[in-house]
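K.L.:
Below are the chains, spelled out letter by letter.
Number of protein chains: 2
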Amino acid sequence: MSHSPQYAVRLHDAIRRSETPALVGLDPRFEQLPDTLVRAARCRQLDEAATVASAFEEFCCRVIDVVSPLVPAVKPQAAFFEEWGPDGCRSLGHVIRYARRAGLLVICDAKRGDIGSTAEAYARGYLAGSDPDAAIWGADALTVNPYLGRDTLEPFIDVARQRGAGIYVLVRTSNRGARTFQDIRSDSQPLYRYVAQVVDELAVATAGGGDFGLVGAVVGATYPKELAELRNAMPHAPLLVPGYGSQGGTAADVADAFTPQGLGALVNSSRGINFAFRHKPYADRFAPDEWEQAVEAATRRMIDDLAEQTPAGNLRAGPECSSRLL
Amino acid sequence: MSHSPQYAVRLHDAIRRSETPALVGLDPRFEQLPDTLVRAARCRQLDEAATVASAFEEFCCRVIDVVSPLVPAVKPQAAFFEEWGPDGCRSLGHVIRYARRAGLLVICDAKRGDIGSTAEAYARGYLAGSDPDAAIWGADALTVNPYLGRDTLEPFIDVARQRGAGIYVLVRTSNRGARTFQDIRSDSQPLYRYVAQVVDELAVATAGGGDFGLVGAVVGATYPKELAELRNAMPHAPLLVPGYGSQGGTAADVADAFTPQGLGALVNSSRGINFAFRHKPYADRFAPDEWEQAVEAATRRMIDDLAEQTPAGNLRAGPECSSRLL
Chain A
4 MSHSPQYAVR
14 LHDAIRRSET
24 PALVGLDPRF
34 EQLPDTLVRA
44 ARCRQLDEAA
54 TVASAFEEFC
64 CRVIDVVSPL
74 VPAVKPQAAF
84 FEEWGPDGCR
94 SLGHVIRYAR
104 RAGLLVICDA
114 KRGDIGSTAE
124 AYARGYLAGS
134 DPDAAIWGAD
144 ALTVNPYLGR
154 DTLEPFIDVA
164 RQRGAGIYVL
174 VRTSNRGART
184 FQDIRSDSQP
194 LYRYVAQVVD
204 ELAVATAGGG
214 DFGLVGAVVG
224 ATYPKELAEL
234 RNAMPHAPLL
244 VPGYGSQGGT
254 AADVADAFTP
264 QGLGALVNSS
274 RGINFAFRHK
284 PYADRFAPDE
294 WEQAVEAATR
304 RMIDDLAEQT
314 PAGNLRAGPE
324 CSSRLL
Chain B
4 MSHSPQYAVR
14 LHDAIRRSET
24 PALVGLDPRF
34 EQLPDTLVRA
44 ARCRQLDEAA
54 TVASAFEEFC
64 CRVIDVVSPL
74 VPAVKPQAAF
84 FEEWGPDGCR
94 SLGHVIRYAR
104 RAGLLVICDA
114 KRGDIGSTAE
124 AYARGYLAGS
134 DPDAAIWGAD
144 ALTVNPYLGR
154 DTLEPFIDVA
164 RQRGAGIYVL
174 VRTSNRGART
184 FQDIRSDSQP
194 LYRYVAQVVD
204 ELAVATAGGG
214 DFGLVGAVVG
224 ATYPKELAEL
234 RNAMPHAPLL
244 VPGYGSQGGT
254 AADVADAFTP
264 QGLGALVNSS
274 RGINFAFRHK
284 PYADRFAPDE
294 WEQAVEAATR
304 RMIDDLAEQT
314 PAGNLRAGPE
324 CSSRLL
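Each protein sequence line maps, in turn, to chains A and B.
My numbering puts the first sequence at residues 4 to 329.
My numbering puts the second sequence at residues 4 to 329.
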């Protein structure tokens, strides 16, 4: 029984409110942070890990300040924080809280997965859902790896259902080598389609009468044909689509991820937004100290790109938009 | 090029020295900790997460004190620490360091997996190898999930090779639902055999002339027939065998994991050792405050069981043992 607003409802409210499915990844990479920000962190901390962690906090929170009026959600990548040990972990927790307070949905990209009561421990720790204080890490949703089997997804679903949280199961990842195992075929159907089938069953079972359930799927923008196929195979699963931008996926490539109304999917960009100030065309337009303006310009460009090339454009033509014109 | 003693060499040195392949899992579950230990932690900390984290540290370090003269390695389960947020993460780091100082190999059971530079971040953070200070988390080895593909294992292998660390790739997990995806068959071969094939190729490529490489495999004791099959399919991969004890696997079930000399595998028990004082036969023999004696008795029982029922018994008949008898 659900005690909180369902994840899919919360997700779509956020998407409709910001009129875009653009998801900003938070991928702090120390060597790419703005120099002034790193120098300031060195003044605050003596220890290396504490310096990095402090710089990550400032960087991510300033990105959040820029993007929270523009997008519905952010996706911190746990690996970059964990690399710096317990200090990095503390920063991850801080950044998630900060994003929640700024009104953003937070999808923690930690790709967890384990068996039984171990999976339960991850679920209880990460999945806060509608009340950020319901779990110590405070996330709205978590990415989850399906290799261990269907029964290992269930503890995540149980916790998510109670709290109005969601999970995104890896179905088709965006890397080149995704084919090694995900494409192994049985009865002419690749493994990722078997995973998709389970995901959609679990999405239906958790939809509570709505169109979408709390179990979603990660499907890379770098495999556009399969994205269309998987949208059809999982009509009840919210999609998380990585691979747009730096990884080579275009807005046209992700068009099939959406319903005609522009719902049902979030499209992620991380590096292309976080470090826009280091790359063309933004490096020419903004000085390094104007990195936040570059973040804003890159985010706006992505939003427009998705609106022009995908059904996400229909989010802008909705009733909210017309009433605002009156 | 390897700059440090290879993982397989370090692993087998440790197994030969302790004359057993018994691996003690560190699975701190707050509600099962000894009461006196929890009460003491409440005196030290006011905040709940800090209390739990402090109790975990004391519990795990005392388990380490008991088992370090007996076994070659411990396996902390990251989920139980992470559940308690940044405080829990700090305890995990502390426990790993403490175990390393006690002379144990540490396999961090975090089942990580991600693409490209993200996988690299996990690898750099966790895999310390022979020098505990080479990575912030200080582990000798890490469990890794293969679903994302072969290319996502490579960043882990590159870092592990440089540092004398190892990885254990999930091949056949010990849970009931392991079959959902791991048994999907293509050309009459199940997925887990495809993963095993890649694991053995990577193990051969990293063996540096030795019998075993730095890439190992997780294969559950709860599927004994498949354990034998997988030992043959991956002759160069060190095995990590969960599922002994509480999960139902017996010593006879894991006998096929070993070479005739009793090498090539570690067999894990977590709950059965950690919380021995709560269960038969130890609950009858030891008072709750004698929980460490229960840990010792359960560990010795497992060691004897493996020596009696598996080729691990041959570790005791080695030259070290005979020379000690002189």
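Incorrect hints may have been included.
As the list claims (entries may be wrong) - With beta-carbon atoms standing in for the labels, derived distance ranges:
id, chain 1, residue 1, chain 2, residue 2, range
1, A, 238, B, 249, 55 to 63 Å
2, B, 72, A, 213, 51 to 59 Å
3, A, 213, B, 291, 45 to 53 Å
4, B, 68, A, 20, 12 to 20 Å
Said to hold, decoys possible - Chain B is faced by these chain A residues, among others (derived, beta-carbon under 7 Å):
id, residue
5, 64
6, 65
7, 86
8, 114
9, 118
10, 125
11, 181
12, 210
13, 266
No wet-lab data here; the hints were simulated from the structure.
Quantities reported herein were computed from a predicted structural model and do not represent experimental measurements.
By construction, the Cβ of each residue, glycine as well, lies at the ideal position given by its N, Cα and C atoms.
K.L.:
Give me the numbers of the hints this structure contradicts, sorted from smallest to largest.
P.N.:
Hints 1, 4, 5, 6, 12, 13 contradicted; others consistent.
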